[in-house]
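*Asks:* Turn these sequences into a full structure, and let the hints guide you.
Just so you know, we're using the UniProt record's numbering here: the sequence shown kicks off at 1 and counts up by one.
No lab work stands behind these hints, which were simulated from the structure alone. Keep in mind that a hint or two might mislead.
Said to hold, decoys possible - Quick list of simulated restraints, FRET-style, between CB atoms: (1) S154 with R23: 39 to 49 angstroms; (2) G180 with E157: 30 to 40 angstroms; (3) E157 with R34: 37 to 47 angstroms; (4) R21 with L133: 22 to 32 angstroms; (5) P127 with G152: 22 to 32 angstroms; (6) G65 with H35: 34 to 44 angstroms; (7) L133 with G36: 19 to 29 angstroms.
Model, not experiment: these values are computed from the prediction. Glycine included, each C-beta is placed from N, C-alpha and C at the ideal position.
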Amino acid sequence: MPKDSQPGNRSERRSAAPSARDRLLDEVVAHFARHGVGDFSLRGLAAELGTSHRMLIYHFGSKDGLLVEVVRRVEAEQRAAMAQLNLDSGHSAAHLAREFHRHLSAADHWPARLFFELTGQALVGNPHAVPLLDGIVDAWLPPLTELSRRTGRSEDEARAHARLALAVARGLLFDLLATGDRDAVDEAAEAFLVSYETVSPSGPSERSPG
1 MPKDSQPGNR SERRSAAPSA RDRLLDEVVA HFARHGVGDF SLRGLAAELG TSHRMLIYHF
61 GSKDGLLVEV VRRVEAEQRA AMAQLNLDSG HSAAHLAREF HRHLSAADHW PARLFFELTG
121 QALVGNPHAV PLLDGIVDAW LPPLTELSRR TGRSEDEARA HARLALAVAR GLLFDLLATG
181 DRDAVDEAAE AFLVSYETVS PSGPSERSPG
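*Replies:* Take a look at the structure:
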């Protein structure tokens, strides 16, 4: 997703007292989570939210600008959760990775549904959504690399493992949304999550209590 200098990362730096823009964006995200994005108008969305389309334009510029900010908010909130887990020095990387899997695959998994809906539009070249692809992988690599480094991997190994972890997480979330088979998804996730057990300098993994 976007780099730190871009406005989309405001949600990662929000103060304890959210601005009117932040509060409105929260309402929009929640609305899309319940109803999907579809073919909406700013006037119609404003009416649903109890505001005016002029306020949406004032804060987000256009319908396209609003969509960009919605996905950036969702992604930023997930990265913030990952960064918060990384601050926990009292548990193993494997334990923290499992916690994040539980967080992402919770029963209320509307962020994943919203993410796939909007990035799907970007992948087929819809002009308003294409900017969402900027940083969609790279922005996640620092926190995931940090988690992988805690297993004893080298910097290069940790970065490669982080990229794999992101691909696995998104693939399993897609699986969960498409099939609804939580048990199978959890089993598949565990097959990957064991890779977060501490890595021995000699190569093989050492099981940790997680």
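*Asks:* If a hint holds in the structure, say so; if it doesn't, say that too.
*Replies:* Status of the hints after comparison with the structure:
no.	hint	verdict
1	S154 with R23: 39 to 49 angstroms	44 angstroms, holds
2	G180 with E157: 30 to 40 angstroms	35 angstroms, holds
3	E157 with R34: 37 to 47 angstroms	41 angstroms, holds
4	R21 with L133: 22 to 32 angstroms	24 angstroms, holds
5	P127 with G152: 22 to 32 angstroms	45 angstroms, violated
6	G65 with H35: 34 to 44 angstroms	20 angstroms, violated
7	L133 with G36: 19 to 29 angstroms	20 angstroms, holds
In summary, the structure is inconsistent with hints 5, 6 from the numbered list given earlier, while agreeing with the others.
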